[in-house]
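Colleague: Order-wise, the sequence lines are chains X and G.
The letter at position 10 of the first sequence is residue -9 when you use my numbering, and the numbering goes up by one with no holes.
The letter at position 81 of the second sequence is residue 91 when you use my numbering, and the numbering goes up by one with no holes.
Incorrect hints may appear among the rest.
[Unchecked claim] Capping the alpha-carbon separation at 27 Å, the derived lysine-lysine pairs in DSSO-like fashion look like this:
#1 X:K68 / X:K54
#2 G:K43 / X:K54
#3 X:K68 / G:K28
[Unchecked claim] Partner residues are not named here, just some residues of chain G that face chain X (Cβ under 7 Å, in silico):
#4 F18
#5 L44
#6 L48
#7 T52
#8 G73
#9 F108
#10 A165
#11 G166
#12 G167
#13 V168
#14 A171
#15 A172
Calculated from the structure, these hints are not laboratory results.
Keep in mind the model is a prediction, meaning the values are calculated, not measured.
Using N, Cα and C, we set each Cβ at its ideal position, and we do this for glycine too.
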Amino acid sequence: MIPDLTRAVGVPRLAGISYPLSRPLGNPHDSDGQRAVLRALLEVLPRATEPDTYVELPFVWPESPARARNASKDIPAAPIVELVTRKPWLLANLYSGRIPEHEDLLSAK
Amino acid sequence: MSIDSYRFLDFVSRQVMKAWAAREHAGVIPFTKLVKPLCECTVALVSTAGIARNDDRPFDQEGERRNPWWGDPSFRVIPLGTTESHVRLYHMHIDPRFGQADLDVVLPMRRLTELAQEGVVRQPAASHYSIMGYILEPDVLINETAPAIGEHMRAGGVDVAALVPA
């Protein structure tokens, strides 16, 4: 997933995994794979002795990143993506974390 | 760090996520040591996939459509035994079809039950939880939602919780 971002906000223990968004435990109906990931995640708990413990889980996603992204390319864009696509200058707000308060910047219409 | 956090993201999302990560300051990180073996622990799961049961209040997608800078900061309780046929995933920044096809992809309650049967943990909690993962301003999430979930867990005898981002 995105351990960079999770670790940056500060969590007691973190297990990083190189799986795509939307599928943190693995593919649907892959019970063995899902169970292995959950077991590895839970086993971080007794190993962690101090805050900011970070463990990288050794699982490898079975597809290329491009193929994993393609699997979801037909879902509708999130409202913020629609908004910055129509008003690209607002991307600067998103990038810099300046959440607009002015009404004109709020509406997706 | 050998995991590339951004390999599955498109270019723009990658740049935005990197910028947000670079701006964060972790501060003092709370930490409570596990005081008993994992095999004696009751475990709760928290998913950020925006899961709500069909008989519960949906996450507010309309509010986010009206103001795309806002995300619903509330939470839902997902009782153990809930399956994909009882829920909908409301997170609009992920592909909900995977979790909708098999809820264990995002909230692995059945896998947790199996691990309890194997003796890895004592038992799954009676209740699990979901929040919506797109929240740019996390004040309500931090100050209201997280404590409320913690209180609910404490009342349910939960020893440890695992947050599963979606």
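Colleague: Would you mind marking each hint as holding or not holding in the structure?
Modeller: So, going through the hints one by one against the coordinates:
no.: 1; hint: X:K68 / X:K54; result: holds (21 Å)
no.: 2; hint: G:K43 / X:K54; result: violated (42 Å)
no.: 3; hint: X:K68 / G:K28; result: holds (21 Å)
no.: 4; hint: F18; result: holds (4 Å)
no.: 5; hint: L44; result: holds (5 Å)
no.: 6; hint: L48; result: holds (5 Å)
no.: 7; hint: T52; result: violated (12 Å)
no.: 8; hint: G73; result: violated (10 Å)
no.: 9; hint: F108; result: holds (5 Å)
no.: 10; hint: A165; result: violated (21 Å)
no.: 11; hint: G166; result: violated (18 Å)
no.: 12; hint: G167; result: violated (17 Å)
no.: 13; hint: V168; result: violated (13 Å)
no.: 14; hint: A171; result: violated (10 Å)
no.: 15; hint: A172; result: holds (6 Å)
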